[in-house]
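J.: Spelled out, the chains give:
Protein chains: 2
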Amino acid sequence: MFQLDLKSRESIYEQIINQIKELIVTGVLKEGEKLPSVRELSKILTVNPNTVQKSYRELERQGYVYTVAGLGCFAASLSDIKRDEAAVQQLVETLRSTLRQLTYLGFAAEEIRSLLNGLLREDDQKQGERKKGSDLS
Amino acid sequence: MFQLDLKSRESIYEQIINQIKELIVTGVLKEGEKLPSVRELSKILTVNPNTVQKSYRELERQGYVYTVAGLGCFAASLSDIKRDEAAVQQLVETLRSTLRQLTYLGFAAEEIRSLLNGLLREDDQKQGERKKGSDLS
DNA sequence: ACAAGTGTACCATGTGAAATAGTACAGTGT
DNA sequence: ACACTGTACTATTTCACATGGTACACTTGT
Numbered sequence: 004m005f006q007l008d009l010k011s012r013e014s015i016y017e018q019i020i021n022q023i024k025e026l027i028v029t030g031v032l033k034e035g036e037k038l039p040s041v042r043e044l045s046k047i048l049t050v051n052p053n054t055v056q057k058s059y060r061e062l063e064r065q066g067y068v069y070t071v072a073g074l075g076c077f078a079a080s081l082s083d084i085k086r087d088e089a090a091v092q093q094l095v096e097t098l099r100s101t102l103r104q105l106t107y108l109g110f111a112a113e114e115i116r117s118l119l120n121g122l123l124r125e126d127d128q129k130q131g132e133r134k135k136g137s138d139l140s
Numbered sequence: 004m005f006q007l008d009l010k011s012r013e014s015i016y017e018q019i020i021n022q023i024k025e026l027i028v029t030g031v032l033k034e035g036e037k038l039p040s041v042r043e044l045s046k047i048l049t050v051n052p053n054t055v056q057k058s059y060r061e062l063e064r065q066g067y068v069y070t071v072a073g074l075g076c077f078a079a080s081l082s083d084i085k086r087d088e089a090a091v092q093q094l095v096e097t098l099r100s101t102l103r104q105l106t107y108l109g110f111a112a113e114e115i116r117s118l119l120n121g122l123l124r125e126d127d128q129k130q131g132e133r134k135k136g137s138d139l140s
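Chain order of the listed sequences is A and B. Quick note on this note's numbering: the first sequence kicks off at 4 and runs consecutively. Quick note on this note's numbering: the second sequence kicks off at 4 and runs consecutively.
Treat the hints with care, since some could be wrong.
As the list makes no split between identical chains, a pair holds if one copy fits it or if it spans any two.
[What the hints assert, rightly or not] Mimicking BS3-like on lysine-lysine, the simulated pairs with C-alpha atoms at most 25 Å apart in a straight line are:
id, residue 1, residue 2
1, Lys57, Lys10
2, Lys85, Lys10
3, Lys85, Lys37
4, Lys33, Lys85
5, Lys33, Lys46
6, Lys33, Lys57
7, Lys10, Lys37
8, Lys37, Lys57
By construction, these hints were calculated from the structure, which means they are not laboratory data. Source: prediction; values computed, not measured.
Using the sequences provided together with the hints, build the complete structure.
T.: In structure tokens form, the structure reads like this:
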């Protein structure tokens, strides 16, 4: 269920955030379903409770979960997810930078297109085939 | 020509690396052209000489430049750039993660494809420009 | 009322990367 | 000799991350 990579550049709490996001967006965690408690998840992952709580706090800020004191943390409705424009901008900038670096390494435009098509196909599968894609060119 | 963002998550020496890579790949810095000396560039950017040297060392390791003790640091031939397979794998992983996060934010496959097409178009333009006269200030 | 579980808010500590500051040495060209 | 160049250190600071620990308020089941 959870897989942490301690060597990753991505910090632990960010990995937790992204993995929970995935569970919610893919529908594994349905609206209203309870997440593991802070202390419980910290034991499962053998990380500090504070680290898990930091993840939960951020997930709530972004609208992926809601918490009730004394009860726990629950998956929110997909429609509650906040599309933070600054976050989007950040992601686009990351995309731009990554694509550029691939170009630096000598990848031709066609290679990159083909690579992206492969990655998008993965996403489609995870999403459950909501849309069938057109070509990138 | 150099633009550092101290607030960026990307560290300074990484920003220097990427901007120099761009100058070399786009042909602004042609093969054999001399880069600013470590001390000179550090003054231009108002960063520590050690930071610049770290960038140059990494650029040499990746084959973008070659250095001659006592002479300076020079742009290498594009054919000398090493395609580090681990680095490629890292970039692909970053792409995968970024695309996934866009999906989490509710972007449809079509939106993402269109966004990527825009970014690829930017790259095509940069590749075609091939300006003359390297203006490093 | 009580206990156990929940989220939450702190504070202190350790760690590692990044960046800075400074010194020193070797090679190149004039 | 001199002024550049790259290079190699060491030491220090800063900051985010992660950990360890304590405390408090709320909810549920008993």
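J.: If a hint holds in the structure, say so; if it doesn't, say that too.
T.: Against the structure, the hints come out as follows:
no. : hint          : verdict
1   : Lys57 / Lys10 : both (19 Å within a copy, 22 Å between copies)
2   : Lys85 / Lys10 : between (30 Å within a copy, 24 Å between copies)
3   : Lys85 / Lys37 : within (20 Å within a copy, 48 Å between copies)
4   : Lys33 / Lys85 : within (17 Å within a copy, 46 Å between copies)
5   : Lys33 / Lys46 : within (23 Å within a copy, 55 Å between copies)
6   : Lys33 / Lys57 : within (22 Å within a copy, 48 Å between copies)
7   : Lys10 / Lys37 : neither (29 Å within a copy, 37 Å between copies)
8   : Lys37 / Lys57 : within (17 Å within a copy, 48 Å between copies)
Hint check: a violation occurs at hint 7 only; the rest are consistent with the structure.
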